[in-house]
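Quick note: the sequence shown uses the working numbering, first residue 14, plus one each step.
A couple of the hints might just be wrong.
Said to hold, decoys possible - Each pair of labels, with its calculated beta carbon distance range:
(1) Ala537 / Ser242: 23 to 31 Å
(2) Leu340 / Gly712: 40 to 48 Å
(3) Thr679 / Gly554: 23 to 31 Å
(4) Arg676 / Asp555: 16 to 24 Å
(5) Leu723 / Met96: 42 to 50 Å
(6) Gly554 / Gly734: 45 to 53 Å
These are calculated hints, taken from the structure and not from any lab test. Note that beta-carbon positions come from the ideal geometry of N, C-alpha and C, so glycine has one too.
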Amino acid sequence: MEDTRVLAEPAGGTDQPAGRTAHELDIPPLRGDGVTRGDGAVQADSAVQASGAVQAVAVISGGVAGPAPDTRETTGSRGAVDMLAVVVVSLLAVAVQAMLWERFRQPLWYDELWRPHFVAEPPGTFWSELSVANTPSAIGSMGLLRVCGDVFGWHAWALRLPSAVPLVALAAGTWLLARRLTGRTAAFTAALTVTLGGTVVDLASQVKPYTLDATCALAVVMLWMRAASTTRALLWSRFAVGVLALFSLPAVFLIVPLTVVDVARPLRGPYGWAGHRTAARPAARRAFRPTVRAAFRPTVRAAFRPPARAAVRAALCDAPAAVIAGLHAALFVLHQSGQRASTFWDDHFLAGRGLPDGIRFIADQLAATAAGAPPGIDRYDPNLVHPLTDSSDPAVIVLGCAVAITFLAGVVTLARRPDGRVLLVATGGAELMVLAASAGRYWPFGAVRTNVFLVPLLTVVAAAGAAALARTARVAWAGAGVAGRPGDGPSGGDPAGGRAAGWRRTAAGLLAAVTAVTVLAAAAVPAAAVSALHPLWEERGDRRPIDLMVDATVTARRLHRPGDLVVVGGRLARAGWLYGMEVSQDGASDDRTPGQDAAGQSTAGQDAPAANTAGQGPTRQDAPGQERPGGPGADVVTGPVGPRVPRSSTVFLTAIGDGGVGRALTRRAPGPGGRVLLFVLAYDRRGTGHALDEARAVGWCPAWTHDFELTGTLRVLTPCGHRADNAG
């Protein structure tokens, strides 16, 4: 039989009257009874005159009670306006990406190349390949990438869809969450800040899961806030949260603290948390008398039995989300923890720091998080665009201080609401979880791209705080005017009372001015976030590191013929080369489509054409060891594309110039008439000279070379004696 009892409140508890809507939970404006004066003005009563400054502070702290604001909108019109806002922000997300369509068509660069390689691996090698992944990924996000590749083709634009489409959902989700917790103006500002933030749009145009992570984070929080009337409904809601954790790796950072608070809330103890009086307090006080017999009285067991049952019930209800997220992290994500041995994220790991350095590290990262536009956005990656304000230290300081103040105001404001506490627990708990993970070198802490999932949550809290501060400024300004009118209030004509009123007016005016300045500074955050669209537009067609790997593999396919050996050198070259050689269906950036000859006829499945055999001519040299493109240069650039080179004909070296080339050519020298195709990644070019010396020592000399800017160099090596005969 289904349990139809009303479920326990969401994480954070509730102190609001039952049956009130989300709109009624907003902080009401100050209201006083007052009397009408002869001039038609309203004279406030003594309670309102007491102190404008104190009243203003009470707006944020929650000390002012009163009826909900009188809105003239009906429920239907309010819903229509909110739906229209959802449509508007969603269309803005689509429009900004349509304007940057050229960026979606750019070749994949290094940070993108490795992801589709692992996704496209066949089942037999998928698990072993995944163990050396650069960064862990969720199984659901990898599945989306695989579906897009299989359905739309393994093209750059198709593989970027799982990042681009979530930006639309991110815009709508940010509006919906913010609108639930604050007014329309603040909600719309928060949605624009996230949606049109240049750095967020930049990430949405790449094969990276960060916009999907941010969207899933919003969905997790909103599902956790969702009221459920039955246990079955709550279980389905938590199951949906667990499914989201399969598509977003950092969702586990939200689920764990929310679950912990749900389970721990009934176990506040006989004296409660934060001084809350509980029903068990009188019984517990009697039970804990210093006698052994009293300690085991039935009243004590009865006092603690209901909280324990409630905690167990909360744990069982939250189990679907926690179990799914935990199993996914333990069985799939930890298998991809190769980045722990890398030094790339050392500046954002708490691991290895002493107490003073650790405290300084946390403070620096929190300051960088507050100074982002939007808050929490990446501020370190040189391959991402950043707001124009980042180039000005004073602007960064002003924005950081304003965001910090509005965020604290948002914490105070949202802590009064059950749904607001869910957001605060999720945001604060996730930060603590990320910090703990950074102590084990599992996840970087601070304003880095992996923590973009926190950006919409931080932005909504700051927006709610800015709205509360704006109300505070209005109340303080009104209080300053009321307190300063002579003859008003209980002081009458008393000089001492007049001086007190003057001080109150000064204090209220000062509070209003400071608050207004803070709100205005915080209002500059959306403009700063949108300013990053300017460099993104200017750089929409610019090159990125290792973005011609597909060109290099296409050229290698044109050059390769049976019996040739391909040697790929570079610590970061393997995944990108395998994607370009085995998976990509894009052609070279200066070519038409893969598998077509100059007449547009398909050559898929054919052997290397005769033009590929022309690469044995002498190389023109300007100086010893420096080659210029020669031999098959023109034929290779415009010639037909040969079949994909099998992995068995390729040797991968993690280092260049340490003897690896010589050892590889000694063990696996090409057969009679064969050649060596040597590709060296741009990051490892310093060892090229030593590598060529190693090749010459075993009888192989460079005969042709082609440089792929910012990516690497491809050389054709032929037997040194054969090259000398041709030169003669």
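Starting from the hint 23 to 31 Å, judge whether the C-beta atoms of Thr679 and Gly554 obey it. With Cβ atoms ~44 Å apart, the hint is violated.
How does the Cβ-Cβ distance of Arg676 and Asp555 compare with 16 to 24 Å: does it lie in that range? violated, 39 Å
Does the Cβ-Cβ separation between Leu340 and Gly712 fall within 40 to 48 Å? violated, 55 Å
Just to be sure I understand the hint, the distance between the Cβ atoms of Ala537 and Ser242 should be within 23 to 31 Å; is that true here? Between Ala537 and Ser242, where Cβ atoms are some 44 Å apart, the hint is violated.
C-beta pair Leu723, Met96: status relative to the range 42 to 50 Å that was hinted: holds, 46 Å
Range hint 45 to 53 Å: satisfied by the CB atoms of Gly554 and Gly734? holds, 46 Å
Comparing the model with each numbered hint stated earlier shows that hints 1, 2, 3 and 4 do not hold.
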